[in-house]
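Chemist: Sequence:
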Amino acid sequence: MATFPQSDPLGEALEYLRMSETAYYHSELAAPWGLVMPEDCPKFHFVTSGRCWLEIDGMEKRVLEAGDFAVIPQGMGHRLSSAPAAPSIEFGYLRCEKISQRYALFRKDGKGPVTTIICGDLNFKHPGARHLVALLPKVIHIRAQANQSIEWLNGTMRFMAIEARSLRPGSEAIITRLADILVIQAIRYWIEQNPTEQKGWLAALHDSHLARALGLIHREPGKHWTVASLARAAALSRSAFSARFSSAVGEPVMLYVTRWRMHVAEAKLLEGTKTVAEIASELGYQSGAAFSRAFRRMRGVWPGSLKQASVDARASADPAHRYLKASSAKPRAAIA
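Numbering-wise (the numbering used here), the sequence shown opens with residue 1 and increments by one.
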């Protein structure tokens, strides 16, 4: 019979990677070509046929082969191309056909070999996801050929490639759902395979004592936590726990508690279903005023302002708006 851990802080953290308002792009690109991707939001690129170059910061270059999957978790600006010296244009100025609200087909004609890529702009719904994404590398690159043993990952990628090539009725729905799964799988794979490259609270999850305390903070942010109560939960003395936490995570434990409460508060505010006073009560604050001051101190805005801004944004949201609008304009001059 399978047994399950009583606490799984990493699994709980991955739950925050649920996505919303994601836009997907199927690109068919004949060489020579180069595309400049703006620095705005996390992205992924899945090469379904052919090959291309990925360049980040103008320095780090790598080849993406057919079947490779790359995630740019922090949304850094980057460049995709058929060759490093190929001239480039901004991605949004490719010829575009809008398939649906969340899916579009981009094409670049030419006489050279064709590369097909599924790309996606990611919008992680929970503000706590930023807490995780900030600790990830600039790029997570899953190589199809080097990881044949990861059947659960390769099977998903093969299925997505088949749907991308066929584009049968329903393919769009399948591709978008598989893409969501692949992004989370890729992040989980990197975390599991690269423990020495991790930092902050992500690295602290490898310490069983600190992992217990982090799990409690994440699951019960509204509880009246103190250094002493968290130290007892971690089975450490107060002084040992405090020093160990600060060293591993990079900040004192009670500052981390407050920061996490504000992540949770932001998620609730963006949902728009509860008042500021209700959120304050759920997070252990005795008054809405005390919560509002703490929120502004940590996040730089008043909670009421954030809630109203979220309402306004939802009223005019179109996840593919900037690319689809730009594609109807005249192309800009090629970027060397």
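Honestly, the hints are just simulated from the structure, not real lab data.
Hints may be right or wrong, so weigh each one.
Said to hold, decoys possible - Only pairs whose alpha carbons sit at most 25 Å apart, straight line, appear in this in silico BS3-like list of lysine-lysine: (1) 138 <-> 199; (2) 111 <-> 125; (3) 108 <-> 61; (4) 125 <-> 61; (5) 223 <-> 274.
Chemist: For every hint, state whether the structure bears it out.
Modeler: Right, here's what the structure says about each hint:
| no. | hint | result |
| --- | --- | --- |
| 1 | 138 <-> 199 | holds (14 Å) |
| 2 | 111 <-> 125 | violated (41 Å) |
| 3 | 108 <-> 61 | holds (22 Å) |
| 4 | 125 <-> 61 | violated (30 Å) |
| 5 | 223 <-> 274 | holds (19 Å) |
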